[in-house]
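Undergrad: The task is simple: from the sequences and hints, build the whole structure.
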Amino acid sequence: GAGVSQSPRYKVAKRGQDVALRCDPISGHVSLFWYQQALGQGPEFLTYFQNEAQLDKSGLPSDRFFAERPEGSVSTLKIQRTQQEDSAVYLCASSAGTGKGDEQFFGPGTRLTVL
Amino acid sequence: AQSVTQLDSQVPVFEEAPVELRCNYSSSVSVYLFWYVQYPNQGLQLLLKYLSGSTLVKGINGFEAEFNKSQTSFHLRKPSVHISDTAEYFCAVSEGTGGFKTIFGAGTRLFVKA
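Each protein sequence line maps, in turn, to chains E and C.
So the first sequence is numbered by this note's numbering: it starts at 258 and just counts up by one.
So the second sequence is numbered by this note's numbering: it starts at 581 and just counts up by one.
Worth double-checking, as some hints may not be accurate.
Said to hold, decoys possible - Here are the computed lysine-lysine pairs in the DSBU-like style, where the Cα-Cα straight-line distance is at most 35 Å:
id	chain 1	residue 1	chain 2	residue 2
1	E	Lys314	E	Lys335
2	E	Lys314	C	Lys649
3	C	Lys649	C	Lys681
4	C	Lys681	C	Lys629
5	E	Lys357	C	Lys629
6	E	Lys335	C	Lys693
7	C	Lys681	E	Lys314
8	C	Lys629	E	Lys335
9	C	Lys638	C	Lys681
10	C	Lys693	C	Lys649
Unchecked claim - Restraint-style ranges between C-beta atoms, simulated for each label pair:
id	chain 1	residue 1	chain 2	residue 2	range
11	E	Glu325	C	Gln625	20 to 30 Å
12	E	Leu312	C	Lys693	39 to 49 Å
13	E	Ala310	C	Gln625	36 to 46 Å
14	C	Lys693	E	Asn308	40 to 50 Å
15	E	Gln341	C	Lys638	35 to 45 Å
16	C	Asp588	E	Glu360	45 to 55 Å
17	C	Gly676	E	Val331	21 to 31 Å
18	E	Glu325	C	Gly679	16 to 26 Å
19	C	Glu596	E	Leu312	38 to 48 Å
20	E	Ser284	C	Gln625	13 to 23 Å
21	E	Gln337	C	Ala694	44 to 54 Å
22	E	Asp320	C	Pro620	29 to 39 Å
23	C	Tyr619	E	Glu325	39 to 49 Å
As the list claims (entries may be wrong) - Pulled from the structure, derived: some chain E residues nowhere near chain C, Cβ distances all over 10 Å:
id	residue
24	Pro265
25	Ala270
26	His286
27	Glu301
28	Ser315
29	Phe322
30	Phe323
31	Glu328
32	Arg338
33	Ala345
34	Lys357
35	Arg368
36	Val371
Everything labelled a hint here was simulated from the structure, so no lab data went into it.
Using N, Cα and C, we set each Cβ at its ideal position, and we do this for glycine too.
TA: Structure below.
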């Protein structure tokens with residue numbers, strides 16, 4: 258079946274613009290994660306959803322970052338008033354269950370460049 | 581607080597040689613440990629994971645890792661590598677209690693030479 262998909266794959270924004278990044282998880286997956294991956298670094302946790310509930314947003318770097326998953330499937334990560342330091346690859350992952358030991362299935366990522 | 585340290589940023593190795601990619605973590609509670617691999621132009625995929633039980637875990641593509649609680653390590657090994665193993669490898673940890681955060685290391689680039 259289809260894996261995790263993300264769109265757009267590439268996004269260029271001018272500093273100060275708002276952006277919205279979309280994640281389509283594997284159908285039926287309960288858990289959804291967002292990560293930020295800077296160049297040469299590992300993924301850094303941003304937020305976690307269980308169905309439509311955002312249970313952990315401890316990794317969101319500022320109040321400019323906002324994520325939602327209103328119907329418990331597709332999720333959107335929104336960044337307001339983008340800054341150059343927001344340039345990174347944004348990864349989405351989903352897992353079938355709610356256990357912390359469950360395998361996460363990753364999407365290809367959205368590469369955001371803020372000029 | 582949790583942290584993950586991958587001790588080598590790059591590991592060059594000749595084809596058919598053994599390899600070990602090192603990972604150390606810090607946590608004050610029980611943990612779940614993972615190795616993910618990212619092949620060029622592909623998303624991350626799970627190689628193997630340790631949840632409990634036997635400290636030696638086997639994964640896909642002939643990789644294995646050993647959980648050492650006293651040394652807080654989870655090193656990844658393969659006895660004989662192939663050119664196709666060239667990729668970025670990430671060690672990750674999540675805690676058994678508390679939030680849902682998974683912490684990743686900075687990655688180790690394995691480069692297999694002919």
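Undergrad: Going through the numbered hints above, which ones does this structure break? Give me the numbers in ascending order.
TA: Numbers 6, 13, 16, 23, 27, 28, 34, in rising order.
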